[in-house]
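Asks: Once you have looked at the hints, place chain B on chain A.
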Amino acid sequence: MHMQTEQIRLRHMKTRLLLNQISKFIFMLSAFFGLFFLAVLLVRVVTEGIGSINFGFLTGKLSTQPERAGIMGAILGTFWLMLVVAPVTMFVGVGTAIYLEMYAKKGKLVSFIQTNISNLAGVPSIVYGILGLTVFVRTLNLGNIVLAGGLTMSLLILPIVIVASQEAIRAIPFHLSEASYGVGATKWQTIQRIILPAALPGILTGAILSLSRAIGETAPLVVIGIPALLIPFPGSIMDRFTVLPMQIYYWTLDASLVSEYANLAAATIIVLLVTLFILNATAIIVRNKFQRVF
Amino acid sequence: MTVLKERIKENSFSVVRNENWTKPIYETNGLNLWYGTSHALKNIELSINEREVTAIIGPSGCGKSTFLKTLNRMVETAADVTISGNVTFKGNNILGKSMPVEILRSKVGMVFQKPNPFPKSIFENVAYGPKVHGIRNKAMLEMIVEESLKKAALWDEVKDRLHKSAYSLSGGQQQRLCIARCLAIDPEVILMDEPTSALDPVSTHKIEELIRSIKNDVTIAIVTHNMQQAARISDRTAFFLNGEIIEHNQTSTIFNNPADPLTDDYVNGRFG
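These protein sequence lines are chains A and B, in that order. For the first sequence, counting from 1, position 187 maps to 187 in UniProt numbering; every step adds exactly one. For the second sequence, counting from 1, position 124 maps to 124 in UniProt numbering; every step adds exactly one.
Just chain A, with the same shape it has in the complex (with noise of 0.2 Å):
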């Protein structure tokens, strides 16, 4: 009997031993699929790229021909954006969280509110577009500048803020809202000094992180109509603008014109990665810094 099960034992440990390295090598290759493509792109977007990145490029204007042409007009004009985006999407975002977590009653209504805000967040960011070029450029009339692109985008990632601020509220523990009104405090009062400090840390990173989205997407902005001309810097919110993503799209289209404009198209990515690289390093150091436990 027992020299039987040992037998066993010992024919099933080699394939055991076999099944764990194989297992282990799947998994290694999975994560590295997706690390060797953003590899690929970056050298190739880096090679092809960082010939054009120079003062010029980044401080100059658009121009008809390559080798003159500038992004300052698409750096502008994301700045810009971002100074729509930000605190319409906070405002809005963090002001529906603190309605859904602190004053609705649970019910109906607010499970139909929670559904449709998670539905929404799923929605093709080109049908965004159309709802702002309906709404924004035609009906209110604003035509494609800044405020209209960036209230398209406001629209595009609330849900998202508001989701990951529902979530930082939640995360407070009770007891200390309880020790709140324990002493006297109002809803209000409780939530601006206690909730909002302590959810802070989770409300930025997800507002940050949904940022970087919005100065990202091209769709919205190719319905709104962006203009592909050579428009002057944007000077505020009620300008008609570019952006980085929308000069990729439109390089990369001439590209197959003019060849030189495809390396130009290269170094706006860049620089558009770059960006994007320094919201999440922001993102990370702001939960960072302001992390509590309780």
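For the record, the hints were derived by calculation from the structure and aren't laboratory data. Hints should not be assumed to be uniformly reliable.
Derived Cβ-Cβ restraints for the label pairs, each shown as a range [claimed, not checked]:
(1) B:ASP235 to A:TYR99: 40 to 48 Å
(2) A:VAL127 to B:ASN32: 48 to 56 Å
(3) A:LYS106 to B:ASN32: 47 to 55 Å
(4) A:ASN288 to B:THR82: 43 to 51 Å
(5) A:HIS175 to B:GLU157: 20 to 28 Å
Here a beta-carbon is modelled for each residue, glycine too, at the ideal position from N, C-alpha and C.
Replies: What follows is chain B alone, placed relative to chain A:
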């Protein structure tokens, strides 16, 4: 809103301290409470005398914490709560809309089972209540903080690190900080919901000493699982079972000569 302001001005809530008050500070009449359909408090008739320590004892789930939280209406933060009957604080009905909970809670502080300081400094924790009630004067706040921490027997341990995080304190210190935070609003009543159940014996002893030292100034209602604690610190004891009051009397009577055999069984550890 204007009616409310006038009532506050006239002080018809009579929440100002009255040194000659002799009646019970809290009285409940026919108090019933339901969580959804489950009947948690049944016809509670209980009075709490001013400047006494009233202990509320009973097995888990008997409604003692629910009762305590009804006294400052914290119970209403739970979903689907229905209350009927009367609870009066110094003669004013506290249920219903006539008295805002914020006014009630500025006179009735609460200490919870688990120490729950805010993620703020020690100073800010104690100053929170006064600040919420509109006190901004720095010197005044400093005075209140010092006085409250002294009353809570914590001053000597923290006076050199008032601006350090409250989380740097031990569990027992945190609970005394919570009592100081409560004292800072100058309450007439402090409700304590098993304040020592999460603490070690030494910290428990300190909290009991603290209760003894403040009982001349404030009325205390304390829920406790610890029979010896109830016997040690309270003047009166109420025994709850299945949402009802079985017996309410002088603590010595409850523990030495109870009228109800159920009380006798419980205080002698035969069930619960």
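Asks: Does each hint fit the structure? Answer for all of them.
Replies: Structure-based check of each hint:
1. B:ASP235 to A:TYR99: 40 to 48 Å: Roughly 46 Å apart at Cβ, these two residues keep to the hinted range, so it holds.
2. A:VAL127 to B:ASN32: 48 to 56 Å: Holds, at about 53 Å.
3. A:LYS106 to B:ASN32: 47 to 55 Å: violated, 24 Å
4. A:ASN288 to B:THR82: 43 to 51 Å: The hinted range 43 to 51 Å holds for ASN288 of chain A and THR82 of chain B, with Cβ atoms some 46 Å apart.
5. A:HIS175 to B:GLU157: 20 to 28 Å: About 23 Å separates the Cβ atoms of HIS175 of chain A and GLU157 of chain B, which means 20 to 28 Å holds.
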